[in-house]
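Let's have the full structure, built from the sequences with the hints guiding it.
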Amino acid sequence: MTRIACLALAAALMISPALAFADPSPDHPGEQTVDPYKVSNANADAKPMANPAMFNAFHGKDGVSRIVDGLVDRSVADPRISEIFKNQDLPRLKRTLKEQFCYLLGGGCDYTGRDMKASHKDMGIQDADFNALVENLQKAMNKEGVPFRDQNRLLALLAPMHKDVVTK
Amino acid sequence: MATSFKLCVWAIGMAVVLTAGPSSAQALREGGKLLLTDGVTNIEGASGGGLATWAVIGGDETRNGIGGSLAATDVHLPAYDLRVYSAKAGLFNRVELSYAHQEFDTGSTGGKLGLGNGFTFDQDVFGAKVRLLGDAVYDQNSWMPQVAAGLQYKVNDKSAIIHAVGGKSADGVDYYVAATKVFLNESLVVDTTLRYTEANQTGILGFGGNLHDSYSPQFEGSVGYLLTRHFVVGAEYRTKPNNLGIAKESDWSDLFAAYAFNSHLSLTAAYVDAGSIVTFENQRGLYLSLQAGF
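Those protein sequence lines, which keep their order, are chains A and B.
Numbers 223 to 390, taken from our numbering, label the letters of the first sequence in order.
Numbers 159 to 452, taken from our numbering, label the letters of the second sequence in order.
Hints are supplied without guarantee of correctness; some may be wrong.
To be verified - Lysine to any residue pairs mimicking SDA-like chemistry, simulated, CA-CA at most 25 Å apart: (1) Lys385/A <-> Leu290/B; (2) Lys270/B <-> Arg241/B; (3) Lys390/A <-> Leu186/B; (4) Lys385/A <-> Gln360/A; (5) Lys283/A <-> Gly252/A; (6) Lys269/A <-> Met302/B; (7) Lys365/A <-> Glu344/B; (8) Lys385/A <-> Gly292/B; (9) Lys269/A <-> Ser421/B; (10) Lys269/A <-> Trp301/B; (11) Lys390/A <-> Gly330/A; (12) Lys269/A <-> Leu346/B; (13) Lys385/A <-> Val288/B; (14) Lys385/A <-> Val348/B; (15) Lys390/A <-> Ser300/B; (16) Lys361/A <-> Leu290/B; (17) Lys365/A <-> Ser421/B; (18) Lys385/A <-> Arg241/B.
What the hints assert, rightly or not - Label pairs and their computed distance ranges (CB to CB): (19) Lys283/A <-> Leu346/B: 28 to 34 Å; (20) Ser372/B <-> Gly367/A: 44 to 50 Å; (21) Gly330/A <-> Tyr311/B: 55 to 61 Å; (22) His281/A <-> Leu385/B: 40 to 46 Å; (23) Gly330/A <-> Ala415/B: 53 to 59 Å.
Rather than coming from a laboratory, the hints here were simulated on the basis of the structure.
Even for Gly, the Cβ is constructed at its ideal location relative to N, Cα and C.
Given below as structure tokens:
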């Protein structure tokens, strides 16, 4: 009997770290909690493209997923901006970026993240950080084989976000 | 009048330099511009295309830092050779200060013109440019270009020859307003610049003349197509006044390709049509410019 109790306790102790960091939202396990906000596609801070060929040029959802993974992985390893990504919720960042790009490229996704001002608040991001991220995105799009002209069309939607992202 | 005006311009320039930086004390940040968004170096030492001066501020710095570059340029024409050595500094992506030394070598043409073989006009160009509004890259949701205003004080060392050919002065000031914009949706960069000038052949033959001795507005512009983030190709046009009686002055144009190896080094090659220069027609040739910066 005591042996069973001991095993149960051991099992509980093994699970407890997972329980402590469990996500309260059942939709996105592995992500941290964020303060509640109004979910809306307007938070993407740009209108989606009308041209259906654009989503194909980015190789659909799979292509966007590879590009965002590439962008975030490069940025986390980029000495110019890696500091900014420390202690950030990278799974959530990747998910919401994928949603945002898919939405903007006319892929029919919904964006569930916060708007650019709220999501970059207090990060102290400078022009050089913003541009370094653009460069990493260009490299990720190059790797995916997205034509340069189409890359620029996406960047044209992202560029005006500079005013909400760069605060320093 | 002229002196007080120059003093006023200088005072405004200094005020901008002193207030343009970040208001709070913080560390300067090196580099940070996207490739080629500081343009290349034009023949007068300012950031721009090859012939045109643009509204972008030279150097790789952003509003959080100071940058600069050096450039060496050669324009090889059938009858002449123009060599330019220049340096510029960019302060907080707001102010650009530039200096260029131009050597207009007449080669064997100098002998034919009675100047002597290898006769060379030397001109120094001191430039200052201030970005007034807009951002050429970020403002993609509006038509607002990046707008800058600047001046170039040019001093030519061949005063006697300049006066002999009908020029009125060996030094002069050009004033300009430039508007530059990247249209990312079209992968284009477009510049239009209005220059108020009395320079003959950009000052190489002095300022003002026996035909016209007054300032006139002149146009210069560039259109570039972005092929990759390293590579842009395009064309330029620059109109010029006609102040001297001895020879008609042509507008200039070029077809260019600029390649940025990285944020520190770029090479520009162009085919330039300089038209007629002092009765020597069809002055077309190769323009090469190497820029190194930080």
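Can you confirm whether the C-alpha distance between Lys390/A and Ser300/B stays at or below 25 Å? Holds: Lys390/A and Ser300/B sit about 23 Å apart, inside 25 Å.
For a C-alpha distance cap of 25 Å, please report whether Lys365/A and Glu344/B respect it. holds, 22 Å
Does Trp301/B sit within 25 Å of Lys269/A, going by the straight-line distance between their CA atoms? holds, 17 Å
Within a Cα-Cα threshold of 25 Å, do Lys361/A and Leu290/B meet the stated pairing? violated, 32 Å
Lys269/A paired with Met302/B [C-alpha distance capped at 25 Å]: holds, 19 Å
Given the hinted pair Lys385/A and Leu290/B, is their alpha-carbon gap at most 25 Å? holds, 17 Å
Is the hinted pair Lys269/A and Leu346/B satisfied, with a Cα-Cα distance of at most 25 Å? Holds. Lys269/A to Leu346/B sits at ~22 Å (cutoff 25 Å).
Holds or violated: are the alpha carbons of Lys270/B and Arg241/B at most 25 Å from each other? Satisfied, since the Cα-Cα distance of roughly 21 Å is no more than 25 Å.
Given the hint of 28 to 34 Å, check if Lys283/A and Leu346/B actually sit that far apart at their C-beta atoms. holds, 30 Å
Can the restraint linking Lys385/A and Val348/B be considered satisfied, given a maximum Cα separation of 25 Å? Within the cut-off at roughly 22 Å; holds.
Holds or violated: Lys385/A and Val288/B, Cα atoms, limit 25 Å. Satisfied, since the Cα-Cα distance of roughly 21 Å is no more than 25 Å.
Using the beta carbons of His281/A and Leu385/B, state whether their distance is inside 40 to 46 Å or not. violated, 22 Å
In this structure, the earlier hints numbered 9, 11, 16, 18, 20, 22, 23 are contradicted, and the remaining ones agree with it.
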